[in-house]
Amino acid sequence: MESLLEQMKKNVHSIFLDATTGKTYHLQELLLSIPKLDGKKLVFLYLGNDIRSTSIYLSFLDTDHATVLLSESLDTSLKENLESEYRPTIIFDCKRDHIDGFESKTVPSDAFQTSIFIGDHTPTTVHSNCKVLLSTSGTTGSPKFVKLSEENLLQNARSICNYLPIIKDDVTPLNLPLYYSYGLSVLHSNAINGGTIVCGLPDILQKEFWNQMESFGFTSIAGVPYIYEMLRRIGFLKKEHPQLRYITQAGGNLSQNIKKEFNTYCLEHHIHFYVMYGQTEATARISYVPPHLLEDKITSIGIPIENGRLSLDKETGELLYKGPNVFGGYSEKRMDLNKWEHIEFLRTGDLAERDEDGFYYIKGRLKRFVKIFGNRVNLDEIERYLKSSLNIALVACVGIEDKFILISHCEGHIKDEQIKSGLFDKFKIHQTSIKIQQIEEMPLTNNGKINYKKITEDFK
Amino acid sequence: MEQKNIELLIEAFSNALEIPKSSVDDNLKYQGIPQWDSITHMILISEIENTFQIEIDSDEVLELNSFSKSKEILGKYNL
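Going line by line, the protein sequences match chains C and B. First residue of the first sequence: 1, per our numbering; consecutive thereafter. First residue of the second sequence: 1001, per our numbering; consecutive thereafter.
Hint data in this document are derived by calculation from the structure and do not stem from the laboratory. Treat the hints loosely; a few may be bogus.
[To be verified] Derived lysine-lysine pairs resembling PhoX-like cross-links, with alpha carbons at most 25 Å apart: (1) B/K1021 - C/K415; (2) C/K238 - B/K1076; (3) C/K453 - C/K420; (4) C/K420 - B/K1076; (5) C/K403 - C/K322; (6) B/K1004 - C/K207; (7) C/K435 - B/K1021.
[What the hints assert, rightly or not] Examples of chain C residues lying across from chain B (beta carbon under 8 Å, computed): (8) L205; (9) N211; (10) Y226; (11) K238; (12) F373; (13) F424; (14) K426.
[Claimed, not checked] For each label pair, taking beta carbons as the anchor points, the in silico distance ranges come out as: (15) C/L267 - B/D1025: 43 to 49 Å; (16) B/N1078 - C/R354: 51 to 57 Å; (17) C/S104 - B/N1027: 29 to 35 Å; (18) B/P1034 - C/R354: 40 to 46 Å; (19) B/G1032 - C/K239: 25 to 31 Å; (20) C/E208 - B/N1027: 51 to 57 Å; (21) B/G1032 - C/S255: 29 to 35 Å; (22) B/S1023 - C/S311: 50 to 56 Å; (23) B/K1021 - C/Q437: 53 to 59 Å; (24) C/S311 - B/E1063: 45 to 51 Å; (25) B/Y1077 - C/K387: 51 to 57 Å.
Being a predicted model, the structure only gives us computed values, none of them experimental. Where is the CB? At the ideal position from N, CA and C, for every residue including glycine.
Kindly produce the complete structure, drawing on both the sequences and the hints.
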């Protein structure tokens, strides 16, 4: 089987541009010679959006090692927790000069110098299929990873190239993090089919991003719902973007009115607007709405990508996905890395319906989680945390339309600030995403469980 | 800006960024601290709008990238 990197190497039009210096590199120049180690090793990469992070990631893609992609801005204590659980042999982290038990080694290259940390402890055994591991919860430092294979990455990148109009003249900004499956998919699909990939960009709330958008002529932008909300707020729809050919949206449900505004703008300006759906467990992408049908199917998650199939569980209505990009299971601890599950149907946890044209619509969630700012938050986990840390007997967390988490409890002595600061420290949930209500009695179902439905209805 | 309004502005920053009021000074810049990122920036903008009952212009959402700049911008709203 051909590897993803071999596919990238075949793309003669691919150029990597460092926005901070204006320098350009060919893929070959970015591939660093990683010190040879015997066997497959576990690698932790703490990545930013700079060219060096892209370079180091691609260089490890060129090896047999399994790489866990994480944010460089994680707190050091969270990094150390993950490292003591998983015991990686190699670590890349620009934010630390020294790591106990590891030796720093310079990795030479034509483009720039960088260094990695190599440890000499007994290596962690990793299943031969594991290539890239991603977290589903963003920047909370949770040890739960999604295991992806080379085949998963390659197949999903190919399917994406099949429906997105990625061409050799493109100038694609990497404006999403590489440790986020959506951001990684932008890199992969553009590296195999696109043209210039721009690294080292400031975020979209800095004027410099918009100066660079104009001077480099970005041809696409990728965004999760809150990015679209920001774009709208900063006047994106009031301006002309002559170089822009298409924009993509994934990572949760964008409010229908905002989606419509963007669609109207895009239709008027001949920009293709791709609304997409996916999960890290499916490498990134599962389905998309063809832009010319978006007006009619504005609330839909679309049709499956090439080689993927969607179906509905007959009993529950849960959306099931089958395809070559379905992951090999979760890893929550070191021992899990040596296993690879064959998962035929990915259970998305979303409840869906299908229309007569074969388009799917999300109707609700089977699993108890919310998506706040593109990150998945498990409501049961929050309940467990609040119960143990604040000693609350009965506490109920429900998500209100992915806007905020409603926390209901019956304890008079607990202050709202205690709950908010606890959730910020532990889960990095901002206080404005939390609403707290003290109620006299917890609504229960007939069999004595918390009645989440009633709590949600009473609130509305 | 009037001292009373500066106090309110400091409070808005402190609430939106979840930092103590004593940390809100002229050195405070967008992305200068981990707490002031793109998400909290949007929260900050609506916090300021609610505090002063104003509507911040879309270009100013990007310009408002430090505490001192915010005082300058709010000056335009005669605060």
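Hint-by-hint comparison with the structure:
1. B/K1021 - C/K415: holds, 20 Å
2. C/K238 - B/K1076: holds, 22 Å
3. C/K453 - C/K420: Distance ~23 Å between C/K453 and C/K420 Cα, so the pair holds.
4. C/K420 - B/K1076: Judged against 25 Å, a Cα distance of about 34 Å means the pair is violated.
5. C/K403 - C/K322: violated, 30 Å
6. B/K1004 - C/K207: Measuring from Cα to Cα gives roughly 30 Å; hence the hint is violated.
7. C/K435 - B/K1021: holds, 22 Å
8. L205: Check passed: Cβ of C/L205 comes within 5 Å of chain B, closer than 8 Å.
9. N211: violated, 11 Å
10. Y226: Holds, about 7 Å.
11. K238: holds, 7 Å
12. F373: Result: holds, 5 Å to nearest chain B Cβ.
13. F424: Because about 6 Å separates C/F424 from the closest Cβ in chain B, which is inside the 8 Å limit, the hint holds.
14. K426: violated, 14 Å
15. C/L267 - B/D1025: 43 to 49 Å: holds, 47 Å
16. B/N1078 - C/R354: 51 to 57 Å: Check passed, 56 Å falls within 51 to 57 Å.
17. C/S104 - B/N1027: 29 to 35 Å: Distance hint for C/S104, B/N1027 holds at roughly 33 Å.
18. B/P1034 - C/R354: 40 to 46 Å: holds, 43 Å
19. B/G1032 - C/K239: 25 to 31 Å: 28 Å Cβ-Cβ, so the 25 to 31 Å window holds.
20. C/E208 - B/N1027: 51 to 57 Å: violated, 20 Å
21. B/G1032 - C/S255: 29 to 35 Å: holds, 31 Å
22. B/S1023 - C/S311: 50 to 56 Å: 53 Å Cβ-Cβ, so the 50 to 56 Å window holds.
23. B/K1021 - C/Q437: 53 to 59 Å: Roughly 27 Å apart at Cβ, these two residues miss the hinted range, so it is violated.
24. C/S311 - B/E1063: 45 to 51 Å: Since C/S311 and B/E1063 have Cβ atoms about 50 Å apart, the given range 45 to 51 Å holds.
25. B/Y1077 - C/K387: 51 to 57 Å: violated, 46 Å
Checked against the numbered hints listed earlier, the structure breaks hints 4, 5, 6, 9, 14, 20, 23 and 25; every other hint is satisfied.
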